Every structure is written in C-alpha cells, then in structure tokens.
Amino acid sequence: MIDLAIPRPRRAQLDLATLCDKCTAKCCKYFALPIDTPTEPKDFDYIRWYLLHDRASVFIDDDTWYLLVHTRCRHLQEDNRCGIYFTRPQICRDYHTDACEFEDDWTYDHYFETPEQVEDYVEARFGRGKGKSIRSPQPEGLPML
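Mind the numbering: the sequence shown is residues 0 to 144 in numbering that gives the first Met the number 0, read in order.
A portion of the hints provided could be inaccurate.
To be verified - Once the Cα atoms are required to be at most 25 Å apart in a straight line, the calculated SDA-like pairs of lysine to any residue come out as:
| no. | residue 1 | residue 2 |
| --- | --- | --- |
| 1 | K28 | T70 |
| 2 | K25 | Y84 |
| 3 | K25 | R71 |
| 4 | K25 | Y65 |
| 5 | K25 | D78 |
| 6 | K28 | P114 |
| 7 | K41 | T63 |
| 8 | K21 | R73 |
| 9 | K28 | G82 |
| 10 | K28 | H69 |
| 11 | K21 | D61 |
| 12 | K25 | M143 |
| 13 | K28 | E100 |
| 14 | K41 | Y107 |
| 15 | K21 | H74 |
| 16 | K21 | T63 |
| 17 | K25 | Q89 |
| 18 | K28 | Q89 |
To be verified - For each label pair, taking beta carbons as the anchor points, the in silico distance ranges come out as:
| no. | residue 1 | residue 2 | range |
| --- | --- | --- | --- |
| 19 | L51 | Q89 | 26 to 34 Å |
| 20 | P40 | L144 | 38 to 46 Å |
| 21 | D53 | P142 | 37 to 45 Å |
Keep in mind the hints are simulated off the structure, nothing from the lab.
Here the structure is a predicted model, which means the values were calculated and not measured.
Using N, Cα and C, we set each Cβ at its ideal position, and we do this for glycine too.
Turn these sequences into a full structure, and let the hints steer you where they fit.
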C-alpha cells in the first residue's frame, strides 16, 4: 500500500514501466465521457441535471465538454492494482502511463461541481433573462393590525 505521508516522486524521476508502483490509481477512480457542447441557455439544464446527482461533475478541456463520474472501479484492489488485470477491458489495456494523470496537478478550462456554478456561467455568458433581477422579489406587505 502507498504511504500518502511520503511525497511521491515526479514522473520525470521515474521509469515509465514502474510508474504504477507509485501511483494512487486516479484513472481507476473516475471516468469522463464527452458530451454535446451546450449552445443556448436551455441546453445547460441537462448539465444542471447531471450535477444534481452524487459524485458527478462537468468540465471543459480544449473546447470539449465532459461529464465526469467519480466512481471507483469495483476491481481496484487496496494496493491500487487491478484485480482482473489479465482479463481487463480493452479500454484499460489501451491506457498508457505516458499520458496518465500521475501528478495530481491537472487543471481544466472550466470545472463545475454544482448546479449553481452552471447558472452563474450561463448568466455570465448569456446575461440575465428578461425581467430577471439580481434582487430578491419584493416581499408581501405586512398585515394591518
């Protein structure tokens, strides 16, 4: 098991063939799928819906939108090794350490974790809708005594 208290070496300090020995298996703890690029305000309602679900986020990288689902592979073992290595899916076989996220310093163009962040993005991009104000609605008058 990897001791997280000991700083991991940087990728450049390791042989790519042994990179997995020092890895936290980030690639086995989520998956990301490209989604249609929203082009008008109503398209963002789908993105808000995604973010209403546990362990989901959305990001934009190089002008491509992705749905990211934070979920651990059921075959990832405690030592961060694959429990079905010899029968793993082809997508796992095609994944190489030369492009993995070994260093945890990845950044995205935009990253959304909450529906409110999407609403703010839509407002910044398209402006407020007609008749919408940043002010709260006027409260009802107090009853006469």
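Checked hints:
1. Between K28 and T70, the direct Cα distance comes to roughly 5 Å. Compliance with the 25 Å bound is thereby established for this hinted pair.
2. The suggested pairing of K25 with Y84 holds, with an alpha-carbon distance near 16 Å, which does not exceed 25 Å.
3. Proximity of K25 to R71 is assessed by CA-CA distance (about 9 Å); at most 25 Å being required, the pair is judged to hold.
4. Between K25 and Y65 the CA atoms are separated by roughly 17 Å; this keeps the pair inside 25 Å, and the hint holds.
5. Simply put, K25 and D78 have alpha-carbon atoms about 13 Å apart, close enough for the 25 Å limit, and the pair holds.
6. Note on K28 and P114: the hinted pairing holds, with a Cα-Cα distance of about 23 Å set against a maximum of 25 Å.
7. For the proposed pair K41 and T63, the alpha carbon gap of about 18 Å is at most 25 Å, so the pair holds.
8. Proximity of K21 to R73 is assessed by CA-CA distance (about 20 Å); at most 25 Å being required, the pair is judged to hold.
9. Using a Cα cut-off of 25 Å, the hinted pair K28 and G82 holds, with the two alpha carbons roughly 14 Å apart.
10. Between K28 and H69 the alpha-carbon distance is near 6 Å, which keeps this suggested pair within the 25 Å criterion.
11. Restraint check for K21 and D61: the C-alpha separation of about 29 Å exceeds 25 Å, so the hint is violated.
12. Restraint check for K25 and M143: not satisfied, since their Cα atoms lie roughly 63 Å apart, outside the 25 Å limit.
13. The straight-line distance between the Cα atoms of K28 and E100 is roughly 12 Å, inside the 25 Å bound, and the hint therefore holds.
14. Our distance criterion of 25 Å between C-alpha atoms is met by K41 and Y107, whose separation comes to about 23 Å.
15. Taken as a hint, the K21 and H74 pair is honoured in the structure, with Cα atoms around 18 Å apart against an allowance of 25 Å.
16. Restraint check for K21 and T63: not satisfied, since their Cα atoms lie roughly 30 Å apart, outside the 25 Å limit.
17. Only pairs whose Cα atoms come within 25 Å are accepted, and K25 paired with Q89 is accepted, the gap being roughly 18 Å.
18. Straight-line distance between C-alpha atoms of K28 and Q89 comes to about 17 Å, which keeps the hinted pair within the 25 Å bound.
19. Roughly 32 Å separates the CB atoms of L51 and Q89, a value that falls within the hinted 26 to 34 Å.
20. One distance hint, 38 to 46 Å for the beta-carbon pair P40 and L144, holds here, with the actual separation near 45 Å.
21. Between D53 and P142 the C-beta distance comes to about 43 Å, which sits within the given range of 37 to 45 Å.
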